[in-house]
Amino acid sequence: MAEGVAVKEAKELTVVKGVTCPFCGVTCDDLEVHVVDGKIKDVKNACVLGKDTFMHHLEGWATPRIKGKPATIDECIEAAAEILAKAKYPLIYGLDSTELNAQRKAIELAELIGANIDHTSSVCHAPSLQAVQTVGISSCTVGEVKNRADLIIFWGCNPAEAHPRHPSRYSVTAKGLFTPKGKKDRMVINVDVRPTPTTRMADAFIQVKPNSDYEVFSALELNRFTKFQCAPMRGHGNVVGMAQVLTWQTGYPFAVNMSRGYPRFNPGEYSVADLLAHREVDAALIVAGDAIGNFPAKMAEHLQSIPLIAIDPKESGTTKVATVVIPTAQAGIAAGGMAYRMDHIPLVMKKVVDSPYPSDREVLERILAKVSSMKNGGNGAPSPASKGRG
Amino acid sequence: MSERRFTLITGRTTKQGRSIHLGKEATEYLEEISTLQMNPKDVEALQLKDGEQVRLKTPYGSTVVKFKKGDIPQGLIFVAYGGFINSLVGPDTQATGMPNTKGIEVEVERYG
Chain A
-11 MAEGVAVKEA KELTVVKGVT CPFCGVTCDD LEVHVVDGKI KDVKNACVLG
39 KDTFMHHLEG WATPRIKGKP ATIDECIEAA AEILAKAKYP LIYGLDSTEL
89 NAQRKAIELA ELIGANIDHT SSVCHAPSLQ AVQTVGISSC TVGEVKNRAD
139 LIIFWGCNPA EAHPRHPSRY SVTAKGLFTP KGKKDRMVIN VDVRPTPTTR
189 MADAFIQVKP NSDYEVFSAL ELNRFTKFQC APMRGHGNVV GMAQVLTWQT
239 GYPFAVNMSR GYPRFNPGEY SVADLLAHRE VDAALIVAGD AIGNFPAKMA
289 EHLQSIPLIA IDPKESGTTK VATVVIPTAQ AGIAAGGMAY RMDHIPLVMK
339 KVVDSPYPSD REVLERILAK VSSMKNGGNG APSPASKGRG
Chain B
2 MSERRFTLIT GRTTKQGRSI HLGKEATEYL EEISTLQMNP KDVEALQLKD
52 GEQVRLKTPY GSTVVKFKKG DIPQGLIFVA YGGFINSLVG PDTQATGMPN
102 TKGIEVEVER YG
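In order, the protein sequence lines correspond to chains A and B. Residues in the first sequence are numbered consecutively from -11, following my numbering. Residues in the second sequence are numbered consecutively from 2, following my numbering.
Rather than coming from a laboratory, the hints here were simulated on the basis of the structure. Among the hints, a few may not be true.
Claimed, not checked - To give an idea of the interface, some chain A residues facing chain B are shown, with a C-beta separation under 7 Å as derived from the structure:
1) V36
2) D40
3) P115
4) R182
5) P183
6) S259
7) A261
Claimed, not checked - FRET-style restraints, in silico, Cβ to Cβ:
8) G52/B <-> Y250/A: 57 to 67 Å
9) Q48/B <-> R136/A: 51 to 61 Å
10) K42/B <-> E0/A: 53 to 63 Å
11) A46/B <-> E209/A: 36 to 46 Å
12) G104/B <-> G56/A: 33 to 43 Å
13) V309/A <-> S63/B: 15 to 25 Å
14) A96/B <-> E203/A: 14 to 24 Å
15) G52/B <-> A357/A: 48 to 58 Å
16) A46/B <-> E203/A: 21 to 31 Å
17) A207/A <-> K42/B: 23 to 33 Å
18) Y250/A <-> A96/B: 17 to 27 Å
19) K103/B <-> L1/A: 44 to 54 Å
20) D18/A <-> A96/B: 38 to 48 Å
21) E4/B <-> H332/A: 42 to 52 Å
Cβ atoms here follow ideal geometry from the backbone N, Cα and C, with glycine treated the same way.
With the rest of the complex left out, here is chain A:
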């Protein structure tokens, strides 16, 4: 090429094997992604949700902008850092559809600016995580489920629609060491307030009244008869990862407040729903999540009234109204990293294609460096611990 010789580039097919799907908490790690000329052409082994995650990853891409006007990534990072450096009681939220190193950077940033940091576990699994904090959890890996479990109870969950490969890889038709005949070696019970597609693969369906699970659980006394393992069916690809990182760094899995320079945990006070409903935070950074699109109206209302930064590969209800929008390379597709499966097993997420945008981790790193220099006159020294509200 350098000599000016025209070389006809062959359209070579690259098959990337052992790809981890970033979409749901099952994080299947056996996908095969077919890439031609830097574009994803096909995905093997994935469920419909996973396949669409890869095949449509270019649809609805976000663009960099400040107050609705096009801007460069550098300008957006500068604007975001200014907002966060000025904020007295900021919120960092989202983080479950990204990878572990971006999550670590977000926690570092929260510490630096004395932020409240929370993630989607808060609005999806807050009571279950509090139960785990209080009494612990008797759990197991999905590998153990596949090899040993002869009785599966799907309680208030619908894996047929939300985790399509969970039944075939681990819990219903999967054949394991002590379950060689797959479904024939298992009894599958579905407990829910309504029949769902999951009901069709169950041997029995028990319909309970809405909001009566506690009473039914108490009456059943499951562990009186055998030893049950409990496994929350987690939604986002790396929701467990965020809870893991937050717990090993701060001691708490969600709703963490850093305003005194050390972590404090109080769901109901530092949880995103309550912080927004009480109109407490004065700036917000939303990473890889659509807070506005998913939150109750009153919470979304406050988010729209404060300086709001959205870091996301795609346009959403949040990017539409955000003060600063920073598009990124989608974790697990255009950026590598780590993710935790729903049973707390860490898996490598691969980068299968390039993106013109930086990764979540890089953007957070750069914001962190900017905020650090703004707060410390450019010397990069750690900020004094107590400053904000207590």
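With chain A held as given, fit chain B onto it using these hints.
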């Protein structure tokens, strides 16, 4: 105007999970998150006809959605997670951090 109280359940569906990748403003996505499932007997009791819309109301707000007959117990209605049900959900978390998005009491009436 016939108006009845129902219990609203929200959750994920395959269609919602697939179409979300087309973008939050994609027709397929909006279609899925704005369609309510109701027991055929309840549809009859509310005298709803195909193609009509219903208004859902809670103390926090209201929203208008389409309906379709579904395999769901009488007295319950289901709508997939998304922007249409957000106005119905209150921000109170009873100190758990989690807003109540399942088992919400709603008033349902024919709209238009």
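### Message
Can you tell me whether the CB distance of G52/B to A357/A sits inside 48 to 58 Å?
### Response
Between G52/B and A357/A, where Cβ atoms are some 56 Å apart, the hint holds.
### Task
With respect to the beta-carbon atoms only, verify the hint that V309/A and S63/B lie 15 to 25 Å apart.
At roughly 22 Å between Cβ atoms, S63/B and V309/A fall inside 15 to 25 Å, so the hint holds.
### Query
Is 44 to 54 Å a correct range for the gap between the Cβ atoms of K103/B and L1/A?
Cβ of K103/B to Cβ of L1/A: about 45 Å, so the range 44 to 54 Å holds.
### Query
Would the hint on R182/A stand, with a C-beta cut-off of 7 Å toward chain B?
5 Å, holds
### Query
So does A96/B sit 14 to 24 Å from E203/A, Cβ to Cβ?
About 21 Å separates the Cβ atoms of A96/B and E203/A, which means 14 to 24 Å holds.
### Message
If I claimed the Cβ atoms of Q48/B and R136/A lie 51 to 61 Å apart, would that claim hold in this structure?
### Response
The hinted range 51 to 61 Å holds for Q48/B and R136/A, with Cβ atoms some 53 Å apart.
### Task
Confirm or reject the claim that E4/B and H332/A have a C-beta distance inside 42 to 52 Å.
47 Å, holds
### Message
Quick check on the hint: P115/A CB to chain B CB, less than 7 Å?
### Response
5 Å, holds
### Message
If I claimed the Cβ atoms of Y250/A and A96/B lie 17 to 27 Å apart, would that claim hold in this structure?
### Response
For A96/B against Y250/A, whose Cβ atoms are near 22 Å apart, the range 17 to 27 Å holds.
### Query
Are S259/A and chain B close enough, Cβ to Cβ, to be under 7 Å, as the hint says?
3 Å, holds
#### Entry: Verdict for D18/A, A96/B (Cβ pair) under range 38 to 48 Å
The hint (38 to 48 Å, Cβ to Cβ) holds, given that D18/A and A96/B are roughly 41 Å apart.
### Minimum beta-carbon distance criterion (7 Å), P183/A to chain B
This hint holds: P183/A lies near chain B, its Cβ roughly 6 Å from the closest one there, short of 7 Å.
The structure shown violates none of the earlier numbered hints.
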